[in-house]
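Read top to bottom, the protein sequences are chains A and B.
Once you know that position 82 of the first sequence is 115 in this note's numbering, the rest is easy, because the numbers rise by one and skip nothing.
Once you know that position 152 of the second sequence is 185 in this note's numbering, the rest is easy, because the numbers rise by one and skip nothing.
Warning: the hint list may mix true and false statements.
As the list claims (entries may be wrong) - Calculated cross-link-like contacts (lysine-lysine; reagent style DSBU-like; alpha-carbon spacing at most 35 Å):
#1 A/Lys42 / B/Lys110
#2 A/Lys61 / B/Lys183
#3 B/Lys61 / A/Lys183
#4 A/Lys108 / B/Lys183
#5 A/Lys90 / A/Lys183
#6 A/Lys42 / B/Lys108
#7 A/Lys133 / B/Lys183
#8 B/Lys42 / A/Lys183
#9 B/Lys90 / B/Lys42
#10 A/Lys46 / B/Lys90
#11 B/Lys183 / A/Lys183
#12 A/Lys46 / B/Lys133
#13 B/Lys42 / A/Lys133
#14 A/Lys183 / B/Lys110
#15 B/Lys183 / A/Lys90
#16 A/Lys46 / B/Lys46
#17 B/Lys90 / B/Lys108
#18 A/Lys42 / B/Lys61
#19 A/Lys46 / B/Lys42
#20 A/Lys183 / A/Lys61
In short, the hints are calculated from the structure, not lab data.
Protein chains: 2
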Amino acid sequence: MAHIDLETKILNKNDEGAVANRALLDEKGVYMVNVLASPGSGKTSTIVATINALRDKYNIAVIEGDIASSVDAEKIKAQGIAAVQINTGGACHLESAMIKRAIDVLDLERLDLIIVENVGNLVCPTDFDLGENAKVMILSVPEGDDKPLKYPGVFQVSEAVILNKVDTMPVFNFNQEAFEESVNQLNPQAPIFPLSATTGEGLEAWTSWLAERIRKA
Amino acid sequence: MAHIDLETKILNKNDEGAVANRALLDEKGVYMVNVLASPGSGKTSTIVATINALRDKYNIAVIEGDIASSVDAEKIKAQGIAAVQINTGGACHLESAMIKRAIDVLDLERLDLIIVENVGNLVCPTDFDLGENAKVMILSVPEGDDKPLKYPGVFQVSEAVILNKVDTMPVFNFNQEAFEESVNQLNPQAPIFPLSATTGEGLEAWTSWLAERIRKA
Chain A
34 MAHIDLETKI
44 LNKNDEGAVA
54 NRALLDEKGV
64 YMVNVLASPG
74 SGKTSTIVAT
84 INALRDKYNI
94 AVIEGDIASS
104 VDAEKIKAQG
114 IAAVQINTGG
124 ACHLESAMIK
134 RAIDVLDLER
144 LDLIIVENVG
154 NLVCPTDFDL
164 GENAKVMILS
174 VPEGDDKPLK
184 YPGVFQVSEA
194 VILNKVDTMP
204 VFNFNQEAFE
214 ESVNQLNPQA
224 PIFPLSATTG
234 EGLEAWTSWL
244 AERIRKA
Chain B
34 MAHIDLETKI
44 LNKNDEGAVA
54 NRALLDEKGV
64 YMVNVLASPG
74 SGKTSTIVAT
84 INALRDKYNI
94 AVIEGDIASS
104 VDAEKIKAQG
114 IAAVQINTGG
124 ACHLESAMIK
134 RAIDVLDLER
144 LDLIIVENVG
154 NLVCPTDFDL
164 GENAKVMILS
174 VPEGDDKPLK
184 YPGVFQVSEA
194 VILNKVDTMP
204 VFNFNQEAFE
214 ESVNQLNPQA
224 PIFPLSATTG
234 EGLEAWTSWL
244 AERIRKA
């Protein structure tokens, strides 16, 4: 199975890079979180809301992964926050070597937190260690409560699960209890943070969880 | 670049299988549509609504691609429609060999239309020809109007673009004009069908477009 063998080889090379990234960030005391989600689940809005909640206490930078465009990096820069855009040129996930190049242009001595926004994809980024301290995933209410059954991998690798757009709950037929039960079965340790990046509802529980981890880095 | 070389090789093998699938379906007069979208954009609901609009005139079967679970195939079977579930076991897209195995269990002599629901992913399925007559993509309003800029590939390969969940337009800040302009720039030939699979609004334009193609198959 040539496909599998090559996949293993790519992953090993990626893992080596991830180990190096992690060692460098550890040394500099920078916490890095890798945000995974589908297109349109509100990754950028959640990152902007997180920045606004934490920017008084911590120095933050963002690494934006996209197949094309720099729409998201521009949104972050508009907040006065350092942002590095990575265009993967078609690739469906970020890899540790791309993160290395982005880290190299950031002032690590000054930073407390790097937020990586991965390519919008619930599948492929799951397998790639970037050297982050934690993967965190976002699912949004319009996507539906059955997603843990259909995309179990991303729920299993995430240290925390954000349920975004809870303000749209009345419009969608979303069973939050069933969703939380499925997530708990796949990943009993992961806290679930229902929130709305737009209204700010529920944001504090998530940013407190993150802040606690930044302090330990 | 070993990665690229292997990717080319996998694609070639996939393309050979796609050619064979297409020849078989042509011979049997079956039209096959490959539906691409993110998780939670309403692929299954749109397929169910499409079936209900066309089932009196055409014999339809569905091939469901999912990483795990058979949730979607069960929803289709509950409509009294033949459904074959493919579990990719982690893979982020369907390939022509998987479709071949699914086609082999369907009664092609009887069928007019096969709808393939690809894995929820706006990136990887774009590159894989399954032997379909047309790729059709769905974007849903909650995902945001900037998606053509960020995921251009899927908009470029699609014969038609469905904009789903238009009934939720009042809840989301979605600029339909800007969206349609971006789509037209990437793919001037593709019609855009704004609809709501839930309310049925706008469905007829899409199902008429599809029915016209089934008749020619």
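Now the hints, each set against the structure:
For the hint linking A/Lys42 to B/Lys110, the alpha-carbon distance of about 41 Å lies beyond 35 Å, and the restraint is violated. Distance check on the hinted pair: A/Lys61 and B/Lys183 sit about 32 Å apart at the alpha-carbon level, within 35 Å; holds. The straight-line distance between the Cα atoms of B/Lys61 and A/Lys183 is roughly 32 Å, inside the 35 Å bound, and the hint therefore holds. Annotation: proposed proximity of A/Lys108 to B/Lys183 holds, straight-line Cα distance about 14 Å (limit 35 Å).
With a C-alpha separation of about 38 Å, the suggested pair A/Lys90 and A/Lys183 falls outside the 35 Å cut-off, and the hint is violated. With a C-alpha separation of about 39 Å, the suggested pair A/Lys42 and B/Lys108 falls outside the 35 Å cut-off, and the hint is violated. Between A/Lys133 and B/Lys183, the direct Cα distance comes to roughly 22 Å. Compliance with the 35 Å bound is thereby established for this hinted pair. For the hint linking B/Lys42 to A/Lys183, the alpha-carbon distance of about 29 Å falls within 35 Å, and the restraint holds.
For the suggested pair B/Lys90 and B/Lys42, the alpha carbons sit about 41 Å apart, so the restraint of at most 35 Å is broken. Simply put, A/Lys46 and B/Lys90 have alpha-carbon atoms about 54 Å apart, too far for the 35 Å limit, and the pair is violated. For the proposed pair B/Lys183 and A/Lys183, the alpha carbon gap of about 24 Å is at most 35 Å, so the pair holds. For the proposed pair A/Lys46 and B/Lys133, the alpha carbon gap of about 34 Å is at most 35 Å, so the pair holds.
Proximity of B/Lys42 to A/Lys133 is assessed by CA-CA distance (about 29 Å); at most 35 Å being required, the pair is judged to hold. Taking the CA atoms of A/Lys183 and B/Lys110, the gap is about 17 Å. The hint holds against a cut of 35 Å. For a cut-off of 35 Å, the pair hint linking B/Lys183 to A/Lys90 stands: about 32 Å separates their Cα positions. Distance restraint check for A/Lys46 and B/Lys46: the Cα-Cα separation of roughly 26 Å lies within the 35 Å cut-off, and the hinted pair is therefore satisfied.
Among the hinted pairs, B/Lys90 with B/Lys108 is consistent with the structure: their alpha-carbon atoms are about 21 Å apart, no more than 35 Å. A hinted pair counts as satisfied when its Cα atoms are at most 35 Å apart, and A/Lys42 with B/Lys61 does not qualify at roughly 42 Å. A hinted pair counts as satisfied when its Cα atoms are at most 35 Å apart, and A/Lys46 with B/Lys42 qualifies at roughly 21 Å. Between A/Lys183 and A/Lys61 the alpha-carbon distance is near 38 Å, which puts this suggested pair outside the 35 Å criterion.
Against the hints set out earlier in the document, violations occur for numbers 1, 5, 6, 9, 10, 18 and 20.
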